[in-house]
Amino acid sequence: MRIGFWGAVCAFMACLSLACGGPQAPTPASATSGPAAIATPTPRPGPPDIVLILADDMGWGDLGVYGNPVIRTPNIDGLAAEGSRFEAMYVPTPICAPSRASILTGRYGRRNGVTWNNSSTIQPSEITVAQILKNRGYATAFIGKWHLGAKASEMPLSFGFEYFYGMHSSPPGTSFVMGDQVTSDFPGMTLLTRRLTTEATSFIKRTAGDRPLFIEIAHHAPHGPNDVATEFAGRSGWGAYGDAVEELDWSVGEVMRTLRDTGREKNALVFFLSDNGPTGNGSPGPFTYGKGNINEGGVRVPAIAWQPGKIPANRLIKDPASTLDLLPTFAGLAGAPMPAKDYDGVDIVKLLTGQVDRIPGPGVDGGREFIFFGNAIDAAAIRSGKWKYIRPGFRDSVPILYDLEKDPGETNTVRRFNLDIANLLEKRLAQLTPR
Numbered sequence: 040m041r042i043g044f045w046g047a048v049c050a051f052m053a054c055l056s057l058a059c060g061g062p063q064a065p066t067p068a069s070a071t072s073g074p075a076a077i078a079t080p081t082p083r084p085g086p087p088d089i090v091l092i093l094a095d096d097m098g099w100g101d102l103g104v105y106g107n108p109v110i111r112t113p114n115i116d117g118l119a120a121e122g123s124r125f126e127a128m129y130v131p132t133p134i135c136a137p138s139r140a141s142i143l144t145g146r147y148g149r150r151n152g153v154t155w156n157n158s159s160t161i162q163p164s165e166i167t168v169a170q171i172l173k174n175r176g177y178a179t180a181f182i183g184k185w186h187l188g189a190k191a192s193e194m195p196l197s198f199g200f201e202y203f204y205g206m207h208s209s210p211p212g213t214s215f216v217m218g219d220q221v222t223s224d225f226p227g228m229t230l231l232t233r234r235l236t237t238e239a240t241s242f243i244k245r246t247a248g249d250r251p252l253f254i255e256i257a258h259h260a261p262h263g264p265n266d267v268a269t270e271f272a273g274r275s276g277w278g279a280y281g282d283a284v285e286e287l288d289w290s291v292g293e294v295m296r297t298l299r300d301t302g303r304e305k306n307a308l309v310f311f312l313s314d315n316g317p318t319g320n321g322s323p324g325p326f327t328y329g330k331g332n333i334n335e336g337g338v339r340v341p342a343i344a345w346q347p348g349k350i351p352a353n354r355l356i357k358d359p360a361s362t363l364d365l366l367p368t369f370a371g372l373a374g375a376p377m378p379a380k381d382y383d384g385v386d387i388v389k390l391l392t393g394q395v396d397r398i399p400g401p402g403v404d405g406g407r408e409f410i411f412f413g414n415a416i417d418a419a420a421i422r423s424g425k426w427k428y429i430r431p432g433f434r435d436s437v438p439i440l441y442d443l444e445k446d447p448g449e450t451n452t453v454r455r456f457n458l459d460i461a462n463l464l465e466k467r468l469a470q471l472t473p474r
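Each number in my numbering corresponds to the 1-based position in the sequence shown with 39 added.
Each hint can be trusted.
Capping the alpha-carbon separation at 20 Å, the derived lysine-lysine pairs in PhoX-like fashion look like this:
#	residue 1	residue 2
1	445	357
2	445	425
3	389	349
4	305	244
5	305	349
6	244	173
7	389	357
8	466	425
9	357	425
10	380	173
Honestly, the hints are just simulated from the structure, not real lab data.
Can you build the whole structure from these sequences, using the hints too?
Right, dumping it as structure tokens:
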């Protein structure tokens, strides 16, 4: 199945490339300096390569595999067909910077210092997943939107990444940076996804095959403005937003092609997800609201994990998980020791590989509990089992309780019929919130 599917995808993308007028324009030498590419024809033993692809403001319902009937995403759908996708992957805060900081640190914003967009940075004492993997011998790179500080001491090279090419925040009103120096390489919004893709694939190609790599590719798409390359404009049938999603899907295909061409596909984990829910043009699927809101549409994001021979194909993971889990999971896969800190996520390797279908926890049904922050300082809501409790002031003037199994769209509060559950979850929310 794998060969047939990806063969068809490759043929489709090759035709698209020809239709677009041939190969991409070369990236400036200043952005791609480094050793020549080293192909790896046989699997590299040891820890897996880890490729984290982060979309910006993509909704749960924006992808074909998540039910979108119009936007075409064959490459991302292919990851799900050959890997596993999550029914309920949560971010702890439904907005960019706190969500991104939590992915890197495995800790809530109250702990890591990032409480809202453009107002705080990661505490210098934090240890990121890049630092953990670098200490394990990984080559580390961050390509794309950082959004966690603009000073040299606040940028990726100070937090475990050996290579950085991207933006402080959302362009065009932000600086482009290589390493810790501002560069004039900004290609314009229409070529941004293409440039970041070129940088990511170049890093993969030039990293020696006997060294594992960790790369985070943090796209700006489909965050507005939805300016895309000419060949994607008007293609999707979902307006400019859909065009941006389809171009992002193309980028994923290019990354996968590079992994195959370098032989890294045979020992690689690819993890695709979004940093929070969508803005008005995106789709939250069956859920309500989106970015900036602690309802499911804001905190539940598309997420797909792909690792041939390790992660089962075409599997839906129903057990809820959190982006806070990525740091301990990646550390576990790399065989790296965890620092002596209080982490808010857990290692979900066994859930990914299908060894277990559920991770136990203190929830009302014996499963895990997840808390959500309305502003990264104030805990706003908790999910425990099928129940989701929201404190007053974040959705309504009174406490709200939803049964997510019966009402995933969070349209009808059932608190008055389940006061014992609501009171219990208010207490649990207070207990779980970091001090």
